[in-house]
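Participant: As a plain string of letters, each chain reads:
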Amino acid sequence: MKRRILLSAAAVLGLGAAILPFSAFAAEPLSVLLPPWVTLPKEMTDKFTAKTKGTLDVQTLGWDEIRTKIVTSMMANTAPASATEMDWSWVGQFGSANWYDDLSGVLSDDLKKDLPTTSIFTFDGKLIGVPYNNDFRILIYNKAHLAKAGISAAPKTPDELLADAKAVKEKAGVQYPIGLPLSATEGSATAWYLLTKAFGGDLFDKDMKPLFTEKDSGGYKAMAFEVQALKDGLIDPASTSLKDVEIQELFKSGKITFDVAGWAGNLAVYSDATKSQVAADAAAALIPNVSGKSRTIGLPGALGVPVSAKDKEAAHAFINWMLDTETMEDNYLKLGNLPTRLSVLQKLNKDGKLQQGDMLIAQAGLVEPLFPSGTPGWYPEFSAAVATNLNAAAKGQVSIDDALKAIAEAAKEAQQ
Amino acid sequence: MAQSFQKKRAFLNREARLGLGLSLPIILIMGALVILPLIFTVIESFYRVEPMKPGMPFVGLRNYANLMVDDNVLTSWMNTFIYVVIAVAIETLGGLGAALVLNKARVGRRWLLAAVILPWCLPPVVNAIIWLWIYNPSYGLLNGLLKAVGLIAENHVWFNDRMTGLFLVAVVHAWRMLPLTAIILLASLQSIPTNLYEAARLDGASSWKQFKMITLPLISSGLAIALSQSTVFAFNLFDEAWILNGSSIGTRSVMVQVYMSAFQNMKFSLGMALSILAMIASLMVSAIYVLRVYKETRFD
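Just so you know, the protein sequences line up as chains A and B, in that order. Under this note's numbering, think of the first position of the first sequence as 1, with each following residue one higher. Under this note's numbering, think of the first position of the second sequence as 1001, with each following residue one higher.
Hints listed in this document are in silico derivations from the structure and should not be mistaken for laboratory results. Where hints are given, some of them may not hold.
[Said to hold, decoys possible] To give an idea of the chain B side of the interface with chain A (calculated C-beta under 7 Å), a few residues:
1. F1159
2. M1163
3. F1167
4. S1248
5. N1265
Where a beta carbon is used, it is the ideal one built from N, C-alpha and C, also for glycine.
Given the sequences, and given the hints that come with them, work out the whole structure.
Facilitator: Okay, structure coming up:
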């Protein structure tokens, strides 16, 4: 009798142990790797569960750390998560390493037409990232500071920007009016790319030869502008240690007047009184340009599915949910991430929910990709050289000429 | 004769088996986690391991040759040597001072020991973030203190000057690692018989002479261990430089350069070759310390 009970118990335990992994698998949440600015609030993840019956295991990591995690995991043939962030600047590297699935089949034709930035995430004919965060740059300024200085309109050229900054410093008592990151980080490099366009230049010609070493080039003038503004006391000397997100904090606290390379979606955050001390004074303008006609760059974020991802179907469902009109609206209103779908942008503007909507839509029409033929695999090496040398020039450790020559040299080496 | 040989062999077998049994876990762990990856790293440093390019061709010493002519790599080597000199000097002198105080202290010794060990208990990243706030040019404690005592008139951006930046990063590293040196030296100090000092005092030896003739020679092995670990850790400095000043070339260490080559530029074999060179350099410098300290502080 005892033996029978013992055998029955063993059988039940064995069966339980065999079933457990399957039941656990069925209830396993979808692992997603996202940057801090996409920390989905519970209200949003609950909506995902209500729609798909699935749950999310969201890992939030810094931008640099996400990249490192993806690289280390993929080198070990393991997916870091079933769906991950895919920055525009990683497309060349991750695409040539064949680390991400082609997602062309996941999107309907209508959705593809509604997403103009998909070309940035297309590598070798494969769509390796679905854009969900429409990051382009716009000039964000504090209109109260300008009013105090007797300035009625936002600057339209870099010279006007400098003149306005000097006036604000003198008359409005803002110690360092211009906000630009100058640390050795990606945010400093992207601000320089933007200013290169503002000075009427481009980074490379069609053969990928550097166009920024001559004194009359846009890139040279852009770096000279940054270094001179720092020397003139218009940029905080501490900017050589500040990242772009720290510049944003300075704007929110009213310590700077111009967020020169402002993230378009951030207007929602700057205008939110619970997150910003200058909510009533944040305004946007087109990026100044020497020609008078604004130019800006698009640096969108996307979601990708690693080739070795565990749960691809659920990852596809998550990506489609992130593109839903309601999710995109929530993503903008709660987190400040601007929608990538044109129809959602227009709806938000029509409903009066898009902060400075007309200006945003006007600037969105002037967005240029940094690399028209797609982000090359050598971009991170080039970008690191830009950040390092810009930082060294700002600290006075190298001249502008030497810094730009070193960047050009690094670009040539990286291309080999 | 044959009987005694058999007895000896049986004795050796039993002892050897026990020794092997006890050593086996560490041999396996070290083999799997240190030796095997090291062998793979050495082998792959002679190949081109770049996931963006197809294949993994043998390139011989090309990775090593490329490192010799890369300006960023050469600067990061120079920065690392400066880190090693500053960090090892602070850790050794500070650690010895702390160990001597702890050895003499009679009141509140356990609290003092806890206070000395505290920085070592902090994770390197937390340690670096605390110092990032201290060095912050706008609201940092360092600027505040110096302004309060009238040494500076306005806030300084500490990392704008390369040498200051290198010194400050090395200080943060030394602050974290100094307790380890102090504990190693304290253990050595506590093993010195007190009657040696009593005899020296009877002979009229001064405190300095006692330190030079008794303390220093008898802690030489501990000092060599402390110097070696300080050197190896200073060569591997990463968190402090990365968190305090990112990839800035002025404070970039060899390990930061390894990270950038391997994980940012995805040139893994270049990163592997550089990490092998860093390992060799730290071992060589450590070996010099061990041999020199050991030789100079021996009575015989």
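Participant: Look at each hint and say if it fits the structure.
Facilitator: Checked hints:
no.	hint	result
1	F1159	holds (6 Å)
2	M1163	violated (11 Å)
3	F1167	violated (16 Å)
4	S1248	holds (4 Å)
5	N1265	holds (4 Å)
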